[in-house]
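Number of protein chains: 2
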Amino acid sequence: MTEPRRWVTAADLGLLTDRYELSMLQAYWASGMRANATFSLYFRKMPGARRFMLACGQRYAAQLITQLRYPKAAIDELSRLGDFQDAFLRWLEDFRFTGDILAMPEGTPVFPQEPLLEVTGPIAEVQLLETILMNLVHLETVLASKAVRMVIAAAGRPVVDFGMRRMHGIDAAVHGVRAYRTAGIAGTSHVLAGLHFGLPVSGTMAHSYIQVHDDESAAFKAYADLYPGTTLLVDTYDSLAAVDRIVALHRGFGKAFEIGAIRLDSGDLAALSLEARKRLDAAGLHDVRIFASGGLDEHKIASLVAAKAPIDAFGVGTALGTSADAPSLDLVYKLTTYDGIPRLKNSPGKQIYPGAKQVFRFRSPTGVYEFDEVTLRDERRDAEPLLVPIVSGGTPLPSATPDAATAASYAKTQIDSLPPPLRAIDPGGAQYDVRISRAVHDLRASATSRLQHC
Amino acid sequence: MTEPRRWVTAADLGLLTDRYELSMLQAYWASGMRANATFSLYFRKMPGARRFMLACGQRYAAQLITQLRYPKAAIDELSRLGDFQDAFLRWLEDFRFTGDILAMPEGTPVFPQEPLLEVTGPIAEVQLLETILMNLVHLETVLASKAVRMVIAAAGRPVVDFGMRRMHGIDAAVHGVRAYRTAGIAGTSHVLAGLHFGLPVSGTMAHSYIQVHDDESAAFKAYADLYPGTTLLVDTYDSLAAVDRIVALHRGFGKAFEIGAIRLDSGDLAALSLEARKRLDAAGLHDVRIFASGGLDEHKIASLVAAKAPIDAFGVGTALGTSADAPSLDLVYKLTTYDGIPRLKNSPGKQIYPGAKQVFRFRSPTGVYEFDEVTLRDERRDAEPLLVPIVSGGTPLPSATPDAATAASYAKTQIDSLPPPLRAIDPGGAQYDVRISRAVHDLRASATSRLQHC
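If you read the sequences in order, they're chains Z and Y.
Each residue of the first sequence is one higher than the one before, starting from 6 at the first, in the working numbering.
Each residue of the second sequence is one higher than the one before, starting from 6 at the first, in the working numbering.
Hints are computed from structural coordinates only; laboratory data are not their basis.
Careful: at least some of the hints might be erroneous.
Heads up, the list lumps identical chains together, so a pair's fine if it works in one copy or across two of them.
[As the list claims (entries may be wrong)] Cross-link-like lysine to aspartate or glutamate pairs, in silico, DMTMM-like; alpha carbons within 25 Å at most:
| id | residue 1 | residue 2 |
| --- | --- | --- |
| 1 | K50 | D330 |
| 2 | K305 | D421 |
| 3 | K260 | D88 |
| 4 | K355 | D273 |
This is chain Z alone, in the form it adopts within the complex:
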């Protein structure tokens, strides 16, 4: 028999990491290297057709890692690796993060080279957080950044998540919904996630429900009897024939057959929605809405909207849930200072700007983003600083993580403030202007020169 499933809880946080983080931790411990380091979480390239990413998960992750401990069971697991000294493992029992974290608010549009989170603290602690912080922030940022494209394409119509079945595992299906909420997704089919994150839990029926009834009309009537105001799936056999059946049921039963919507799930959704709308309206069913699903992505949604298809809401699954065109972001977590000295690396294509940083966002008088400037942490500008303290001395600050409604409305305001070309589904060559301050450039030049003299 195979091993049982491994359910993961907060007690496992210290094992949710790459082995090398722990190897380096022991090396720092063994050599007594305890000076402060700053690491910066950012990405280098915009993936797919994105012209902005929606930073999500960074405050949630920061809050979580303040709970990272090594309980006895975790220590026992680690001892199985064989590389760790007993004295180190005893020291690990008292491990907790004692440093500081700054981060952008969740729902902030973010661009290449901009830190969305920075951690400062004793080198060993700050290094250890790398893998888990990246995993948590990567998931939410990738999914939120895809979701916002769907929301923009739908131009005000609700977009509902149906993707759980093909998301990458259970955690993605749970915490992806947190990212969707920030990005403006209107609901989810996923029961646990919707209940936990306060997003409406929506659901209709599957084709199988129709199939097990000998007659489609009987299936429709039974479902509407149990769930007045429900949504009926019409494409099991023939979408328009099913609409005619619904009209006939309405004629036959009147108020005893009350539905809220139909769902089209295949075929030419523009043509079918037009004809279905016509038939529903002709029967006086003006209030019955049309819901569309079936392999939708932001491009298909945008073309249905452009074609003025009378679709009231969209259900999206796999393209959203896997961020199909750009399933990853080249998020990195890089050391930029240690012991007060700026640090860099020179690997081809992977150069680092040294120093703890701040990001300033400059806006036009009407609030539209004009450009950003990445500066050293202690530089001042007459603009909005995006990195804000959220963890101090290992303790989350009370105001650090906004409630759900705040994050979603903040994100909406920010997205609405982007230069319009950046919001396009096919943005062409549009690029946001991110400037690197003179002081950052100078620090890199002096650090590079120091390195060459070593």
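Starting from the known structure of chain Z, fit chain Y onto it as the hints suggest.
This is chain Y only, laid out in the frame that chain Z set:
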């Protein structure tokens, strides 16, 4: 403040679902529909450049869903949705799956239209399993099918997983490693997953470890002192200069500086590995292996192998961990019979072959796959039947889930038995021959005809 993180355990299994599964469950309960149904888990199209998928997770998932229950806390959660009657929720407290499951062995190459798992039981129970079964099997099958491409490309050299940081959440990073193990991945950097699934947990050092030392040689020496036989990362500043430093340390310290490998992580890996090998060999360091990583995928691995780059092992991250070129599979779970009557649907592009099925694999006398035939369950062929009972009356059969070593060696044998063109990284037009039996075609024709006379 935001809600705390939602750690998920076995007690949550009944909530890890789409709402419509529960709505249909109540509808079946309310109408007394309790006849048996068969659902089939399969996919319609091969994604990306795949010419086979490696079926993984289906037996693990089947075993897990026999534990699906609705404890009091889950019932309380569900009652918040408002749609469920008290009597139904009380009935749900006693829910358990009582049906039968057949599945292919994990690690079986599988092709479009072939059920990799079939469930038979009372309609309400069997419907309920849809979302969670799909989520679990989709994850492992997608990741294993990508992993096997990396393993094939590496042509016998070990491939190690470094991808945790950019996989989609924690569950993917844990259970993905289970799929990797079946697919022949040699190790993982992920501590918890490697320990749990018995895959070697590997790790070296990050650039930051080099950066915090004022001198690269000092960093190398300190790490090798603590971890004799370790792997040193050489590309922080200049890969070949770092190799020269290693050679100098070897000359200076002899046996007091013992390393096992170097890791190249950027630049022209073919050229760098050749030159590094030359310099290591010239210094007598023939046993120091060369490990390569940095944005690798199966194509880059294959071209390094073709160029005869002296690389001994490959580390792969994001391309593997997100199955970057094909992050999803159009896996579906479809009703094919209910109450003894074959069922189908006619949605454009989504037709179903009705009836419970079996898959037979025909092989040449030397064991190479020749073709498969999808038949009705009770048809007989002189060939290997791939669907085997693994759950009976809701109870997992003892022999159903093989141990780790068995699954990995079974998968290797199966992959080695594929027609060679299907194993190519760029398979061109190669396609495996999957036949649908005459009896299945006839059943579809008669079911379609019955439908048209309704």
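Outcome of the hint check:
1. In the homo-oligomer, the alpha carbons of K50 and D330 lie at most 25 Å apart both inside one protomer (15 Å) and across protomers (18 Å), since each shortest distance falls under that limit.
2. Only within a single protomer do K305 and D421 lie at most 25 Å apart by alpha-carbon distance; the minimum there is 22 Å, versus 41 Å between protomers.
3. For a Cα distance limit of 25 Å, the shortest separation of K260 from D88 across copies, 20 Å, qualifies, whereas the shortest one inside one copy, 72 Å, does not.
4. In this assembly of identical chains, the alpha carbons of K355 and D273 lie at most 25 Å apart only when taken from different copies (14 Å versus 46 Å within one copy).
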